[in-house]
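Please build the complete structure, drawing on both the sequences and the hints.
Protein sequence lines, in the order shown, are assigned to chains G, A and H. Counted from 1, the first sequence has number 490 at position 337 by my numbering; the numbering is strictly sequential. Counted from 1, the second sequence has number 211 at position 204 by my numbering; the numbering is strictly sequential. Counted from 1, the third sequence has number 35 at position 33 by my numbering; the numbering is strictly sequential.
Among the clues, some could well be false.
[Claimed, not checked] Residues of chain G clear of chain A, computed beta-carbon distances all greater than 12 Å:
#	residue
1	A237
2	T253
3	Y264
4	A345
5	R360
6	G366
7	P383
8	D393
9	R434
10	R446
11	G470
[Said to hold, decoys possible] Which residues of chain G face chain A? A few of them, derived with a C-beta cut under 7 Å, are:
#	residue
12	S280
13	G283
14	T286
15	W298
16	I468
17	D469
18	V488
19	L511
Hints were generated in silico from the structure; no laboratory data involved. Every residue, glycine too, gets a C-beta built ideally from N, C-alpha and C.
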Amino acid sequence: MVVLFFVFLTVTWFLLYALPGDSVAQQFAGNPNIPPEARQVALERLGLDKSPLIQFRDYMTDFFRGDLGVSFSQYPRPVIDIIAERLPRTVVLFLTAMVTYYWAGFLAGKYLAWKRGRRGETLITVSGVGLYTVFMPWFALMLIWLFSVQLDLLPLSKFLDPVEWREAPFAANQVFMRMFWVTVTASVVLCAVGWASARAVDRRWGRLLRWGGGVLVIAGFVGYWYGTQPGQAMRVYAGDIAYHLILPVMTLTLVNFAGVMLLTRSSMLDTMREDFILTARAKGLPERVVRDRHAARTALLPVATSLTLAVATVIDGGVITETVFSWPGMGQILVSSVQLEDIPLAVGAFSFIGVLALIGHFVADMLYGLLDPRIRVTEHG
Amino acid sequence: MAEKLETASEVDQGPQTVGGIGGIGGGDGVAGVGGGTAAGGGAAGPVVTSYGSWWRIRLSLLRRSVHDNWVIFRRNRMGIAGLVIIGFWMLMAVMPSLFFATGFWNRAVYDPVTGLETDPPTRTVIMVERVTDPRTEIDRRAVLMDGRIPSDLGLGDTFELPLQPAPPNSRHWLGTDPLGRDVLSQLMHGARSSFFLGILAATVTVVIATLVGSVAAYYGGVIDSLLMRLADLLIMIPGLALLIVIGSVVTFQLWHLAMVIGILSGFGGTAVVLKSQALAVKVKPFVDAARVAGGTGRHIVLYHLIPSVMPLSVLYMMFTVTAAIQSEAVLSFLGLLNVDTSWGLMIQLAHTQGYLLQAGEFWWLVFPAGLAVTLLAMAFFLLGRGLDEVINPRLRRR
Amino acid sequence: MELRTPPHLEAEVPAEQRLPLLEVDGLVVRYTTDAGDVSAVEDVSFSLSGGEAMGLVGESGCGKTSVALSLLRLAPENASYPSGSIRWEGVDILGMSSEEVRRLRWSEMSMVFQGAMNAWNPVYRVGHQIREAMDQHFEPRLTAVEADRRLAWLFELVGLDKVTADRYPHELSGGMRQRALIAMALSCEPKLVVADEPTTALDVIVQAQILRELKDIQTDLGLAILYISHDMAVIAQVTDILAVMYAGKLVESGPTREVFRHPRHPYTHLLLSSVPSVVGPRRPPVCLDGVPPDPLDPPSGCRFHPRCPLATRRCRQEEPPLEPVGPEHLVACWHSAEMSGMGESRLDVKVSGG
Chain G
154 MVVLFFVFLT VTWFLLYALP GDSVAQQFAG NPNIPPEARQ VALERLGLDK SPLIQFRDYM
214 TDFFRGDLGV SFSQYPRPVI DIIAERLPRT VVLFLTAMVT YYWAGFLAGK YLAWKRGRRG
274 ETLITVSGVG LYTVFMPWFA LMLIWLFSVQ LDLLPLSKFL DPVEWREAPF AANQVFMRMF
334 WVTVTASVVL CAVGWASARA VDRRWGRLLR WGGGVLVIAG FVGYWYGTQP GQAMRVYAGD
394 IAYHLILPVM TLTLVNFAGV MLLTRSSMLD TMREDFILTA RAKGLPERVV RDRHAARTAL
454 LPVATSLTLA VATVIDGGVI TETVFSWPGM GQILVSSVQL EDIPLAVGAF SFIGVLALIG
514 HFVADMLYGL LDPRIRVTEH G
Chain A
8 MAEKLETASE VDQGPQTVGG IGGIGGGDGV AGVGGGTAAG GGAAGPVVTS YGSWWRIRLS
68 LLRRSVHDNW VIFRRNRMGI AGLVIIGFWM LMAVMPSLFF ATGFWNRAVY DPVTGLETDP
128 PTRTVIMVER VTDPRTEIDR RAVLMDGRIP SDLGLGDTFE LPLQPAPPNS RHWLGTDPLG
188 RDVLSQLMHG ARSSFFLGIL AATVTVVIAT LVGSVAAYYG GVIDSLLMRL ADLLIMIPGL
248 ALLIVIGSVV TFQLWHLAMV IGILSGFGGT AVVLKSQALA VKVKPFVDAA RVAGGTGRHI
308 VLYHLIPSVM PLSVLYMMFT VTAAIQSEAV LSFLGLLNVD TSWGLMIQLA HTQGYLLQAG
368 EFWWLVFPAG LAVTLLAMAF FLLGRGLDEV INPRLRRR
Chain H
3 MELRTPPHLE AEVPAEQRLP LLEVDGLVVR YTTDAGDVSA VEDVSFSLSG GEAMGLVGES
63 GCGKTSVALS LLRLAPENAS YPSGSIRWEG VDILGMSSEE VRRLRWSEMS MVFQGAMNAW
123 NPVYRVGHQI REAMDQHFEP RLTAVEADRR LAWLFELVGL DKVTADRYPH ELSGGMRQRA
183 LIAMALSCEP KLVVADEPTT ALDVIVQAQI LRELKDIQTD LGLAILYISH DMAVIAQVTD
243 ILAVMYAGKL VESGPTREVF RHPRHPYTHL LLSSVPSVVG PRRPPVCLDG VPPDPLDPPS
303 GCRFHPRCPL ATRRCRQEEP PLEPVGPEHL VACWHSAEMS GMGESRLDVK VSGG
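This is the structure:
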C-alpha cells in the first residue's frame, strides 16, 4: 500500500511539475494574485531553479513533513491548512453517501429479487441503468431546480446560509468538527453495540442489547444537542449545516443507488437458486430468516466486492457534486484550483483525494475479507 | 497430414504445423471457426501467408456464428433498446451534413458555433412605471440596462423585445441558445463529438487492454505483477479527478482526451478482466500443444489468446464508450475541454448564464442536452448488457 | 443425552401391525411452465412404516425428486397437486398450513440433498448451520452446552471429528460434507430421513462407507429412510422395500429381495440387467434403447411401451393398473405373467437380508 502511494505521488508530481508545456514557473510568473516582490522569493522557495531530481526529492520530503507549499489563489495561506479544513467535510459527504446508498440499494435489490423474481427485469434494469448513467452535473442541477427553486424545500447551494451565520459566535469549521466528532462517537458506540449483540450467547439477550443500545445511542445523540451547554449553543448552526448537506448527499446517493440495487438483485436471484437455500427452507426456518440470513448474506459478497471499485466512483461523483453545489470540500477545491491555475493547491488536493481513495479501497478490501470466510487465511487447514 | 502454414512475418522455430493447430484452436467463441479452418485445410489446404489473411478466414467463418448470435441478442430487449437509441443518435450526427449540403440550413444561421439568428421571434412589451407582470412589461431601469431597447422609449410605448434565447419555433425546432445559435444544430454536432470521442477512446482501450491482458496472462511472473500493479493503481485512483488535474496542464482537445481516457482505461480495470479471460484460455490443452509444436510466445499470444479474448474486449468497448461520453461531458461542463460543440458545453453555457435554474421556462436549453448525454451513455451500457448475454452463455435466461 | 427409543425395539410389534408413518396416496404433481403443463408425477402410491428403509429408483426426470420434495412441501412455486394426498401419521401434508409444515420439517422428516457441495451455506460454519436447525425445533431451546454435546454426539455418529463443527464448508472434503449433512439431517431426531442421491457425487470407496454407516445409523436409531437413486446397486444394499418409477408412474414395488430376484416389469428387468456384474460368466450388458418420454406429451397407454421389447397393441392403448403379483409385490404391466417366467435377474449384487 505504501509502495502504491509513493508511485501515486510520483505520478502526480510528474504530471504537474515535469510535463513540458505550461510549467509551474511560467504559470507562477503570470499569476496576478502574487505580489511581484514575493514572486522571486517564492520561486526560490519552490526550488524551481534547481534540477528536476532535486525538486522531486524536496517535494517528497516536504510532503511527508506536511509542507505542501503555499496556495497561489489564497496567498499566503499554506496548502496544508486549506486541505485540513476541507478534508473532513469531503470525508463526511463521502461516507454518508456511501453508507446510505449501499444500504438502500441492497435493501431494494433484496426485496425486488425476493418478491418479484425475474418479472419486470427489463424495466427495472433500464431505469436503474438510466439513473446510473445520468449526466451528473445536469442531474444535480435538476434536483436543485426541483427542490430548491420549484418546491423551495431545500437550500440552493453552499455549505451554510451566510445570513443566518452573521451573528454566530462560532466559526463554521468549529461547528462542523463538533458535529463530526459527535456523530463519529455515536456511530462507533452503535457499531460496538451491534457487534456485541451479535456475539451474545442467548439470542434474546442479543436482541435486547441491540434495541436497547440503539435507543440509548439515539437518545444520547439527541440529548447532546438539546441538553448539554455546547450542544445547545451550536444546535442551530449545526442544523443549518446539516440542512445544506441534504441535497448533495441525496444527489450522490440517487445516482449510485441504482447500480447497487441492480447488482444486489441479480446476485440475490443467483443465490436464491442455490441448494443451500433449499436446505435452509427444509430445516423449517421461516421465510424471512431464509431470505435475510441465508440468501441476502451470501448475495452480499459480489456487492461487497463492488464496494472496492465504487470508492473511486463516489469520489469522482463527490467532485462533481461539490462543484455544482459550491459545497466547500476537497472536490470543489480541486476543480477551482485547477481553473485558477493554483498548482500547489491542485497538487495537494489531488494527492489527498488519492490518499482518500487508496484508504477507502483498502478498507473495502478488508471488509470483504470479513464477509467471505473463503478468502480468509485460516490457521488450520 | 501436416498442414503447412507459411507465416512469412513470423520467426517460428520448428515445424510449420503450428498454424494448423492454431487453426483448430482459437477461443471458445470461435472454436467452431477454427475447426472449420482445419477441416477445410485438410482438403484443399489454403496457404495463409500473413496474420492478416489468417484473420480474414476466421472472420468469414465468424459471419456464420454472428447470425446465430444475433438471434440470441434479438431476444434481449435491453440490447435492442440500446441499439435503437444509438441508431437514433447516429442519424442525428449525420443529418447536419445533409442539411448544410442541401442548403436546408444556412450556415450563417445554423452553424453550432458561429451561427447567429439575426431575426429572432419577439415579444411585445409595454413600458410602465412599475412592473407587475415582467413578461409583458418593462420599466425605466430595464430600458437603461438592456442595450437593445431604445433609450428614448416613453411610458405606454410598446417595443418588440427580441427573445434570445428563443423558444422552439418553426425555424428553430429546439429554439436558440443565449448566443443566438440553433440548439438542434448544437445537439446534432454534439452527437458527432460524442461518437468520435467514445469510439476512439474505446478502441484505444481495447487495443491496449487486450495486449496487456494477453501478455500478462501468457508471460506471468514479473511482467504480470508489474502490469497488474499498474492496473490496480489505475483502478483505485478516481479517474475524473485525474483527468481534471491533467486538464490543468494540458489543454485537452477532443482526441487528446480520447487518447488519455483510452490509455487510462486500457491499462486499468479492463486489462485485469481480459487477463483472466486470457488466463482461462492459456491453461487449455491446445495451447500446450501449440507450445510443444514449437510456437513462440508471440505466436500464442497473437493467434490464440487474443482471438479468444476478442469477444470480451468488444463487450468492454461498450462500457468504455459510456465512461468516455460521461467524462467528456463533465470536463466540458467544467470548462476544461477545448472543443467546438459538445453537450457538456451546452449545459455549461446554460448554467453560467443562469438559465438552468429556470428550467421550467427555458426547458429547451436544459433538457435536450442533459438527456442526450444520459441517453447515449445509457444506450451503450444497455448494448453492453445485451452483448453480455451473447458472450456469456451463463447469463442467458434458463 | 436422551435418545428416543427406536419404535421397533419398544414393544414387540409385529411388522403387519406397524402403523404406516408415511402414506402417499395417488399423488399427482403438476408443474405449470411456459411450455405448458407438465405432469411430473402421476398417481403414485406407497407407504412407509417406522424403521423401514425404502428405495425409489428411476431414470433422471422420472419424477422421483418431485416426490421427495413434495414430502416436505419444498417443490418449486409452479408445482400444484390436483389430486392425491401425502399423509404423515394420518394428517395430509398437502393440506397443512405453512406454519404446520415448518414445524414438521426437520423435526419429523428431514432430507439429505444431492450434491453436498452446495447444500451448505459457504459463509457460516458447519456447526452454526446445524445449531440453527436445532434452535428452530427444540422447545425449550438448547443451551450452548447442550447444543455442543449434541453436536459432538451427532458427529461421532457419522464418523466425524467434533472440531468439524468449527469449520467452514469449503474446508471440508466432499465425503466429510456429506457426512456432516447426514449429521444435520439427524439433528432434530426425525422419524424419517429422505436421502436424495446421497452418494452420487462421491467416489466409490467413500460411497460404500457412507452407505454402510447410514444403514447402521438407521438400525440404531430406528429411523425410516427413503432412498432415492438411479443406481440400483446402491439401493439394493440398504433397502427393505423397493419401488421403481418410470415417467412419473410407479411401475413396480415390493420387497427388495423379491423385486431383485423376480422382476415382473420389463423396465425393472432391463434396469437390473444393464448393470454389469463383476462375478460370474461374462455377458454383454443389455442396453435400454431410446430416451425417457417428453413430460409435456407422454405416450398413450403404458408409458413405457415405445421402449419395451414386450409391447403389444394393448400396451399402446390401455394403461396397465398396479396389481399384486406376489406378497406385497405390485406391478403395472400387461405382461407381468410372462416376466415371471424369465427366471432370476442377472444381477449378482448382495441384497440386504432385512
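Taking the minimum C-beta separation from G366(G) to chain A, is that value above 12 Å? holds, 35 Å
Supplied contact hint for D469(G), tested at 7 Å Cβ to chain A: OK, holds: D469(G) within 7 Å of chain A, min 4 Å.
Non-interface claim for R446(G): all C-beta distances to chain A beyond 12 Å? Non-interface label stands for R446(G): nearest chain A Cβ at 26 Å, farther than 12 Å.
Using 7 Å as the Cβ threshold, decide whether L511(G) counts as touching chain A. Result: holds, 6 Å to nearest chain A Cβ.
Nearest-CB test (12 Å) between chain A and P383(G): Consistent with the label, P383(G) stays out of reach of chain A, its closest Cβ about 36 Å off (over 12 Å).
Verify the interface restraint on I468(G): the C-beta must sit less than 7 Å from at least one C-beta of chain A. It holds, given that the least Cβ distance between I468(G) and chain A is near 4 Å, below 7 Å.
Does G283(G) hold up as a contact with chain A if the rule is Cβ-Cβ below 7 Å? holds, 5 Å
Minimum Cβ distance from Y264(G) to chain A greater than 12 Å, as the annotation requires: holds, 22 Å
Status of the stated non-contact between G470(G) and chain A (beta carbon gap over 12 Å): It is violated; G470(G) is separated from chain A by about 8 Å at its closest Cβ, not greater than 12 Å.
V488(G) was flagged as interface toward chain A. Is the shortest Cβ-Cβ separation under 7 Å? holds, 6 Å
R360(G): least C-beta distance to chain A exceeds 12 Å? holds, 39 Å
Compute the least Cβ-Cβ separation between R434(G) and chain A, then decide whether it is above 12 Å. Correct as stated: the minimum Cβ-Cβ distance to chain A is 20 Å, above 12 Å.
Going through the hint list in order, the structure does not satisfy hints 11 and 12.
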